[in-house]
Amino acid sequence: MVNRVFQIKITDWVSFLEDMYREYDIYAPQSFEDKLYFEFLDKSDIKNISYRDIAYRTVQPIKIFFLPVGETVSNTSNSEEIDKNYKKKILVGLKACDLNALSILDEVYLDEDFIDPFYKHRREDTIIISSDCTDPLESCFCTEVDSQPYPVKNFDLNLSLVDNYILIEVGSEKGQKLIDEYGKDYFKEANNGLIDKREQNREKIKSKVEEINTEFATKDSYDLILKGNYESEIWEELAEDCVECGGCTNICPTCHCFILVDGAKGEEFFKNKYWDSCQLDDFTKMAAGEDPRDEIWKRFRNRYFCKYNYKLDNFNIIACTGCGRCIEACQGDIDKREVLKKVSETKKNKKTNREEVN
Amino acid sequence: MKENPYNPIKAKVDDVITESSTIKTLKLIPEENFSFQAGEFIELTVPGVGEAPFTPSSSPYNTESLDVTVMEVGRVTRKIHNMKKGDITGIRGPLGKGYPIEKFENKEVLLLGGGVGMAPIRSLLLELIHDTSRFEQIYLCYGSKTPSDIIYKNQFEKWRNVKGLKVLRTVDEPDENWEECVGVATVLLEKIDINVENSVAIVCGPPVMMKFGTYSLLDMGFKSEDIYLSMERNMSCGIGKCGHCALGKYYVCKDGPVFTYEQIKDIPEKWV
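Chains as they are written, first to last, in UniProt numbering: chain A, 1 to 358; chain B, 1 to 272.
Isolated chain A, as found in the complex (with noise of 0.2 Å):
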């Protein structure tokens, strides 16, 4: 089925935002020093938002609103977990790289074996209306890993600006009860010639992302490039920059480890729930000291592993969207669209799985 696309003018679409102010919180990104970050908006900033200016995508990822930093996850004195101070959120301006990364949230927080009710909730209480990216940026790669710069799914929805209009699909139900329920005469579906323009801007950026990227082009896809090449070599000696800091999975909008550490107050016990990394040492260490990943390197490479090929395996998608934040965060300036191309450019190298026999 094809989404119904509406067209408002902009100042319709601020008191669209205005109607919607009194039963959400409404965040929103906003400019310091060349770059975005979501923030809780006041109501007097909803005319100030630009549309113009949220061309791409924010510093935070999206996790921050759906998995906190800390959180307490279960607790004997309380047995009412879910906050209820919590208030609906609308989410404006994402990105499709941060949307894409809900796949791998929701493959891993609501697998209904074991449904994370924290994030369910959270999940549940947001309206994303995501928008096109009209800017990317230098550390931008979307492109490279089969994606685009335009939202195609997990919003409720989605802004493009063509002429003076925004345009408005919708992405869901909850998205069609929003414009149902605040939506005035103003909304018009939106007619072909400016959905035309939009597919045209779309592909303009595209090919954008894809000049930007044009150095780090490669032949195959990521997958294959690290198939076969999990005991090569070169794997140390990509490593030889990184710190240990932990900065590029505290950044990705798909990483999603967590430790969990035990806590008491008095005579109340608690589980508190805090992001973790795998690049850190230790992550892995068993009880008895044994530990599968006891080396940078090895924590380095489970990282690409992880991303390219096990969560492929596992849920059909890779966990990387392009977005290119861990290329910013990086304190030792490694690119991994370089640490792909070099690996992409090492001779496959694959031992038989029975080597240590005899």
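Please note that the accuracy of each hint is not assured.
Below, simulated SDA-like cross-link-like pairs (lysine to any residue); rule was C-alpha separation at most 20 Å, straight line [unchecked claim]: (1) A:Lys-227 - B:Gln-263; (2) B:Lys-254 - B:Asn-4; (3) B:Lys-79 - A:Asp-262; (4) B:Lys-79 - A:Ala-288; (5) B:Lys-265 - A:Asp-291; (6) B:Lys-107 - B:Lys-265; (7) B:Lys-254 - A:Phe-315; (8) B:Lys-211 - B:Gly-183; (9) B:Lys-254 - A:Asp-111; (10) A:Lys-204 - A:Gln-148; (11) A:Lys-120 - B:Asn-4; (12) A:Lys-227 - B:Ile-88; (13) A:Lys-47 - A:Ser-103; (14) B:Lys-79 - A:Ala-264; (15) B:Lys-24 - B:Gly-74; (16) B:Lys-249 - A:Pro-68; (17) A:Lys-265 - B:Ile-9; (18) B:Lys-79 - A:Lys-153; (19) A:Lys-120 - B:Glu-3; (20) B:Lys-10 - A:Phe-315; (21) B:Lys-10 - B:Val-49; (22) B:Lys-153 - B:Ile-129; (23) A:Lys-298 - A:Asp-262; (24) A:Lys-89 - A:Asp-113; (25) A:Lys-153 - A:Leu-312; (26) B:Lys-254 - A:Glu-112; (27) A:Lys-35 - A:Asp-53; (28) A:Lys-341 - A:Phe-216; (29) B:Lys-265 - A:Lys-341; (30) B:Lys-254 - A:Glu-231; (31) A:Lys-89 - A:Tyr-119; (32) B:Lys-97 - A:Asn-314; (33) B:Lys-85 - B:Glu-72; (34) A:Lys-285 - B:Glu-262.
Quick caveat, the hints were computed from the structure, so don't treat them as lab data.
For chain A, the structure is supplied; the task is to place chain B on it using the hints.
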């Protein structure tokens, strides 16, 4: 599905049995209904201190209480060793996938355990001997470092009398009273006459034993899909989310802890 998989249920310590100098078994009485399949595991919470994963060592048929056999290796297990009758623990679970016992029916079942790896094996054994007629023959091969390191000491005599079960033991370092085998656990495999075409093998022990045990079984002619391994990793959340127990593409907590060798043979770090 439980509403909040991070919440433990309360379980009271009913008894603490000292098995060896480093191993104790706690008998726990859960305050809510709790049952498990052999090979599945639990996260045992010491309130306010931490959690650690253990496979219950008692019979799955016993739904009133469960035994957890714990070797003292670190911070949490030290606290567990200090627990007394009446203390409260928390348990989350059962977690993971256990032994597919229906696949063992009408076959010869070889259990190969080493050290504290005997814990999951005992739970499985107790289930198997609940009705030995389901299986062609059961072999229990158990290796430990010294005779005093043997756990469940007084139960072996009982097991020796079970029809359809053969028990073999070995120690690396015998004392003057030891009359059974000497050597690593795999030496016991040479002493059994088993039809590998119609057999399954279950292995649980320290990494080095898992590795050489598996290779010995393969050399005997076992197919890799007939070798079941209880894998150990740093299981924490137990529900396939926290990432600490990754083994190649698997999470041991959710996809295991029981794997066939066929499933994991291509994973380079399978033996740690």
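Quiz item: Are Lys-254 of chain B and Glu-112 of chain A close enough, with their CA atoms no more than 20 Å apart?
Solution: holds, 12 Å
Exercise. Would you mind confirming whether the straight-line C-alpha gap from Lys-120 of chain A to Asn-4 of chain B stays at or under 20 Å?
Key: Distance of about 11 Å is within 20 Å: holds.
Self-check item: 20 Å Cα cutoff - pair Lys-298 of chain A, Asp-262 of chain A
Solution: Judged against 20 Å, a Cα distance of about 28 Å means the pair is violated.
Practice problem: Assess, step by step, whether the Cα of Lys-285 of chain A is no farther than 20 Å from the Cα of Glu-262 of chain B, and give holds or violated. | Solution: violated, 25 Å
Quiz prompt | Agreement of Lys-265 of chain B and Asp-291 of chain A with the hint, judged by alpha carbon distance not exceeding 20 Å | solution = holds, 19 Å
Quiz item: CA of Lys-10 of chain B to CA of Val-49 of chain B, is that 20 Å or under?
Solution: With a Cα-Cα distance of about 15 Å, the restraint between Lys-10 of chain B and Val-49 of chain B holds, given a limit of 20 Å.
Practice problem: Given the hint that Lys-120 of chain A pairs with Glu-3 of chain B, test it: the Cα-Cα distance must not exceed 20 Å. | Solution: holds, 11 Å
Quiz item: Holds or violated: Lys-89 of chain A with Tyr-119 of chain A, Cα cutoff 20 Å?
Solution: Distance ~14 Å between Lys-89 of chain A and Tyr-119 of chain A Cα, so the pair holds.
Quiz item: Does Lys-97 of chain B pair with Asn-314 of chain A here, judged by a C-alpha cut-off of 20 Å?
Solution: holds, 17 Å
Practice problem: For the pair we were handed, Lys-35 of chain A and Asp-53 of chain A, check the Cα-Cα distance against 20 Å. | Solution: Status holds; Cα separation ~10 Å.
Quiz prompt | Lys-265 of chain A paired with Ile-9 of chain B [C-alpha distance capped at 20 Å] | solution = Status holds; Cα separation ~19 Å.
Quiz item: If you draw a straight line from the CA of Lys-10 of chain B to the CA of Phe-315 of chain A, is it 20 Å or shorter?
Solution: violated, 35 Å
Checked against the numbered hints given earlier, this structure breaks hints 6, 12, 13, 16, 18, 20, 23, 24, 29, 30, 34; the rest are met.
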